[in-house]
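Participant: For reference, the chains in residue letters:
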Amino acid sequence: MNWGVLLFPGSNCAEDCFHVIDKVLGKPVTYLWHKDTDLGDVDAIIIPGGFSYGDHLRPGAIAHLSPAMSAVKEFAEKGGLVIGICNGFQILTEARMLPGSLLQNRGLKFLCQDQTLKVDNIETPFTSEYKTDDVLVFPIAHNEGNYYAKPETIAEMEQNGQVLFRYCNPEGEISDVTNPNGSINNIAGIINRTGNVVGMMPHPERSSDNVLGLSDGKGVFISMLKYLEANKQN
Amino acid sequence: MAEKLWIKAGLTDSEYELLTKHMEREPNTVELALYAQMWSEHCGYTHTRPLFKHFLTTGPRIVQGPGENAGIVDIDDDEVLTFKLESHNHPSAIAPFQGAATGVGGIVRDILAMGAYPIASLNSLHFGYPGDAGHTRWLISEVVHGIGEYGNCLGVPTVGGELRFADAYKGNPLVNAMCVGYMKKSEIKKAIATGVGNSLMIVGNLTGRDGMGGASFASKDLDEENEEDRGAIQVGDPFMEKLLIEACLEVFEEDYVVGVQDMGAAGILSSSVETASKAGNGVEIDVALVPKREEAMRPEEVMISESQERMLLIVRKGMEDKVNKIFHKWDLHAVVIGHVTDDGIYRVLENGKTVGEVPVWSLMDAPTYVLEGKEPAHLEQTRRFMNDDVAVPEDLNQVLLQLLGAPDICSKEWVYRQYDHRVQMNTVVKPGSDAAILRIKDRDKAVGVTMDSNGRYCYLNPKRGAQSVVYESARNQVVSGAEPIAITDGLNFGNPENPEVYYQLEQSIIGLSEACRALDTPVIGGNASLYNQTPEFGAIYPTPIIGMVGLVKSLSHVTTMDFKNTGDFILVIGETKEELGASEYLDQIHGLITGDVPELDLDLEQKTQQFILDIIRQGLVQSAHDISDGGMAIAIAESCITSELGAEVSFDLNLRPDALLFGESQTRFMLSASGESADKIIEIAAKQGIEAANIGRVTAHKRLSINNLEKNLINITIEDCAQAFNTGFDKMMKTDA
Numbered sequence: 001m002n003w004g005v006l007l008f009p010g011s012n013c014a015e016d017c018f019h020v021i022d023k024v025l026g027k028p029v030t031y032l033w034h035k036d037t038d039l040g041d042v043d044a045i046i047i048p049g050g051f052s053y054g055d056h057l058r059p060g061a062i063a064h065l066s067p068a069m070s071a072v073k074e075f076a077e078k079g080g081l082v083i084g085i086c087n088g089f090q091i092l093t094e095a096r097m098l099p100g101s102l103l104q105n106r107g108l109k110f111l112c113q114d115q116t117l118k119v120d121n122i123e124t125p126f127t128s129e130y131k132t133d134d135v136l137v138f139p140i141a142h143n144e145g146n147y148y149a150k151p152e153t154i155a156e157m158e159q160n161g162q163v164l165f166r167y168c169n170p171e172g173e174i175s176d177v178t179n180p181n182g183s184i185n186n187i188a189g190i191i192n193r194t195g196n197v198v199g200m201m202p203h204p205e206r207s208s209d210n211v212l213g214l215s216d217g218k219g220v221f222i223s224m225l226k227y228l229e230a231n232k233q234n
Numbered sequence: 235m236a237e238k239l240w241i242k243a244g245l246t247d248s249e250y251e252l253l254t255k256h257m258e259r260e261p262n263t264v265e266l267a268l269y270a271q272m273w274s275e276h277c278g279y280t281h282t283r284p285l286f287k288h289f290l291t292t293g294p295r296i297v298q299g300p301g302e303n304a305g306i307v308d309i310d311d312d313e314v315l316t317f318k319l320e321s322h323n324h325p326s327a328i329a330p331f332q333g334a335a336t337g338v339g340g341i342v343r344d345i346l347a348m349g350a351y352p353i354a355s356l357n358s359l360h361f362g363y364p365g366d367a368g369h370t371r372w373l374i375s376e377v378v379h380g381i382g383e384y385g386n387c388l389g390v391p392t393v394g395g396e397l398r399f400a401d402a403y404k405g406n407p408l409v410n411a412m413c414v415g416y417m418k419k420s421e422i423k424k425a426i427a428t429g430v431g432n433s434l435m436i437v438g439n440l441t442g443r444d445g446m447g448g449a450s451f452a453s454k455d456l457d458e459e460n461e462e463d464r465g466a467i468q469v470g471d472p473f474m475e476k477l478l479i480e481a482c483l484e485v486f487e488e489d490y491v492v493g494v495q496d497m498g499a500a501g502i503l504s505s506s507v508e509t510a511s512k513a514g515n516g517v518e519i520d521v522a523l524v525p526k527r528e529e530a531m532r533p534e535e536v537m538i539s540e541s542q543e544r545m546l547l548i549v550r551k552g553m554e555d556k557v558n559k560i561f562h563k564w565d566l567h568a569v570v571i572g573h574v575t576d577d578g579i580y581r582v583l584e585n586g587k588t589v590g591e592v593p594v595w596s597l598m599d600a601p602t603y604v605l606e607g608k609e610p611a612h613l614e615q616t617r618r619f620m621n622d623d624v625a626v627p628e629d630l631n632q633v634l635l636q637l638l639g640a641p642d643i644c645s646k647e648w649v650y651r652q653y654d655h656r657v658q659m660n661t662v663v664k665p666g667s668d669a670a671i672l673r674i675k676d677r678d679k680a681v682g683v684t685m686d687s688n689g690r691y692c693y694l695n696p697k698r699g700a701q702s703v704v705y706e707s708a709r710n711q712v713v714s715g716a717e718p719i720a721i722t723d724g725l726n727f728g729n730p731e732n733p734e735v736y737y738q739l740e741q742s743i744i745g746l747s748e749a750c751r752a753l754d755t756p757v758i759g760g761n762a763s764l765y766n767q768t769p770e771f772g773a774i775y776p777t778p779i780i781g782m783v784g785l786v787k788s789l790s791h792v793t794t795m796d797f798k799n800t801g802d803f804i805l806v807i808g809e810t811k812e813e814l815g816a817s818e819y820l821d822q823i824h825g826l827i828t829g830d831v832p833e834l835d836l837d838l839e840q841k842t843q844q845f846i847l848d849i850i851r852q853g854l855v856q857s858a859h860d861i862s863d864g865g866m867a868i869a870i871a872e873s874c875i876t877s878e879l880g881a882e883v884s885f886d887l888n889l890r891p892d893a894l895l896f897g898e899s900q901t902r903f904m905l906s907a908s909g910e911s912a913d914k915i916i917e918i919a920a921k922q923g924i925e926a927a928n929i930g931r932v933t934a935h936k937r938l939s940i941n942n943l944e945k946n947l948i949n950i951t952i953e954d955c956a957q958a959f960n961t962g963f964d965k966m967m968k969t970d971a
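Listed in order, the protein sequences are those of chains U and F.
Take 1 as the starting number for the first sequence in this note's numbering and just add one per residue.
Take 235 as the starting number for the second sequence in this note's numbering and just add one per residue.
In short, the hints are calculated from the structure, not lab data.
Computed from a predicted structure; not experimentally measured.
It is possible that some hints are incorrect.
[What the hints assert, rightly or not] In the DSSO-like style, the derived pairs of lysine-lysine whose C-alpha atoms are separated by at most 30 Å in a straight line are: (1) F:Lys921 <-> F:Lys787; (2) F:Lys787 <-> U:Lys23; (3) F:Lys556 <-> U:Lys35; (4) U:Lys109 <-> F:Lys646; (5) F:Lys526 <-> F:Lys242.
Produce the entire structure from the sequences given, and follow the hints as far as they go.
Facilitator: Below you can see the structure in the form of structure tokens.
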């Protein structure tokens with residue numbers, strides 16, 4: 001299973017994602033360069049967090065126009081697994097590969113904290129390792145993580161089970177008080193209709209190495225790995 | 235010169251006379267500008283250099299002492315850390331967002347210039363109390379925002395530091411930023427221009443008129459006229475810096491570069507002079523070749539501009555295209571602006587025509603000043619303080635709550651949640667602890683990083699105050715399981731031409747040096763920021779800031795302050811004396827900044843710190859916390875709040891209750907340990923002649939109860955403590971955020 005981590009100027013979580021695939025999962029992983037259109041032989045693509053192009057214009061606005069992103073689109077259209085984390089999520093919404101957009105946090109400040117999340121849909125290639133209603137701890141670190149989409153889009157996503165994670169408190173309660181950034185319906189992560197492209201603001205990679213005291217995020221990558229292995233065999 | 239242009243440039247008559255002697259003629263305007271910047275306090279350390287002789291700068295783990303962009307320490311396995319701190323006080327007073335942001339950018343480039351990857355950022359901030367002053371609240375918000383925006387974008391975690399308050403910083407806040415970098419020993423770079431004919435390449439940003447004369451701006455008092463110096467403040471672009479980091483490190487992988495220097499204060503000028511001077515060479519720079527973003531810049535403007543995100547590379551002849559290719563990959567330029575010469579002359583050209591030439595050595599030979607210090611008048615008064623001058627308050631629970639919410643003590647989460655402190659995935663212990671701990675990937679080891687100061691202590695006793703700060707830094711390291719290795723110092727003082735300020739400067743440096751020798755933690759670099767004063771508010775407290783790095787030899791040694799298990803015993807190591815002087819308690823509760831700094835015993839301190847480290851390494855300790863600001867009661871309360879557990883402790887000490895609870899006797903630690911380990915700790919302590927007492931237990935019911943001589947002093951819920959601790963900052967800022 002080959003993994004690719006897409007690298008833009010200003011990406012700053014690429015090495016973290018690389019580290020998790022390489023050292024925690026022990027799987028082959030390479031960097032993909034934003035100027036390239038040939039993604040090589042990869043089975044899954046991670047679009048990491050950071051400040052691609054310095055967040056100029058708005059987060060993700062320039063990155064989604066890069067040559068590599070048209071290749072990522074083709075890859076996804078063929079059913080390849082793509083996960084965008086933090087700035088990667090922002091890039092995927094700018095590219096219209098995922099619905100909605102990420103507005104500035106309602107507190108108007110950058111927010112870095114260990115955040116509790118509830119898993120909403122475990123029947124995806126990204127969440128099969130979890131149990132429904134599991135409460136997980138993933139760090140968040142963003143200024144524009146306030147998820148917004150039109151009411152009819154939200155209704156459709158809710159109906160289709162496209163919401164994967166929601167912000168909650170340690171007891172698993174989902175309410176406005178447990179919403180760190182103002183996201184509609186406490187949405188922290190979503191999946192596309194075809195079930196192979198995920199965007200999420202929380203950082204599963206930062207919650208994957210036991211030394212750091214957090215390990216809930218590993219489940220995302222292990223879920224992806226199991227899916228890929230199962231499908232490769234078939 | 236007809237007019238005394240040198241005075242306007244910031245040089246004295248005697249300095250002007252000296253430079254004409256060096257040049258054997260009068261300078262032109264370009265040459266005068268070169269001397270004015272290089273001979274400023276900021277670049278030339280004119281007042282502080284003679285005092286640096288006190289510092290211990292070598293040791294078994296010291297790979298590089300002062301004199302490079304940053305010092306380097308050995309952390310075993312052929313791995314090294316490089317670290318340094320830098321002040322950005324004056325820019326931050328006038329343009330707090332950009333001032334703080336570019337402070338971070340500058341220190342990160344110092345680390346990059348050593349060849350290292352920046353792995354952690356810290357900052358030490360000092361402000362006046364906000365009170366009703368909207369201006370101070372604005373300063374705090376903007377400085378924090380500036381640090382966050384820059385560091386977050388770079389992907390360098392901001393993991394620690396401090397935020398302290400005193401009226402003395404009202405007119406002149408302090409913003410000191412520290413950066414720590416990691417590299418293999420073989421990857422170390424130096425700031426040296428060797429090899430005649432090698433090229434000087436400028437990389438990164440374009441050069442403009444921003445930051446003109448920043449070095450000399452930082453070397454005079456801050457007053458209304460400074461408003462005109464707004465042009466002396468730089469504008470930061472963290473995205474450019476991020477690209478610069480990636481591109482430089484890629485270039486360093488090949489053998490293209492012989493020397494690297496960050497362009498900080500005095501820009502192209504100081505970076506090139508320093509590299510040439512180290513090699514004993516000359517350099518020639520043509521200002522017309524420098525990529526600019528403004529038109530019609532005069533040669534001296536190009537030379538001293540402090541436009542950010544630029545570096546100087548000394549590139550082997552013939553390798554220029556290869557360097558350029560890598561920078562192009564990152565959409566950056568690398569442009570040859572001059573070359574190394576063999577004549578020892580610093581030569582500035584414009585389109586090939588010489589517009590200034592002076593001997594390199596003379597620019598580096600800034601005159602130094604050893605002044606006569608005078609003990610500050612206030613010390614005679616403050617030393618006379620007796621504990622009996624203040625009465626013991628009736629409601630000690632109330633005092634505890636008030637102190638927990640006090641600006642210096644309360645939770646700073648409001649600040650650090652605006653900083654990405656987890657990026658790079660090394661942060662084992664987060665901000666809000668005694669020390670931040672970063673693991674070294676693929677190794678069973680970690681590093682502790684801290685930044686500490688205590689302006690009030692240094693104001694009340696410059697020498698012992700400075701010693702206390704070094705010791706407190708080291709205590710923060712050892713309670714976290716780290717062995718202190720070395721320090722970087724930030725010397726923040728008022729105008730040294732005032733004899734009382736000079737006394738504070740001299741005594742602080744002596745105190746700092748003595749403590750560093752006693753602990754064997756050499757000074758491997760630092761920064762001096764003098765002239766921190768305003769006509770309205772006077773000089774700041776003497777504020778030496780200590781940035782320290784320690785080595786955790788195994789991840790199993792990492793220890794935090796929160797209690798771990800109900801039923802564990804709570805131990806106090808060290809002697810509690812009846813010392814109220816200089817305390818946070820006197821300041822906050824009685825409104826008194828007075829008394830002497832608590833006593834210190836250098837041998838006992840060294841011995842006790844080693845003991846703490848030993849018992850942590852033996853696995854005997856569950857939690858450890860140093861007893862500092864606010865004393866014993868605050869230390870216990872903090873361990874309760876962070877663990878959401880209670881504590882029941884009692885003493886048999888013949889002391890005033892307020893001295894027992896809130897006095898700041900030095901060399902004390904609070905630990906928790908299981909029954910068997912607690913006995914062992916006390917046994918080892920007794921053998922070594924260190925005072926240790928078992929004072930009670932960690933409890934499940936969430937209350938803090940403290941008794942002395944069978945009388946209850948404190949009985950309060952942890953919820954109330956947490957409420958005071960967690961809301962103190964918001965209350966001070968008067969925000970709901």
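Participant: So which of those numbered hints doesn't the model satisfy?
Facilitator: Hints that this structure does not satisfy do not exist here, as all of them hold.
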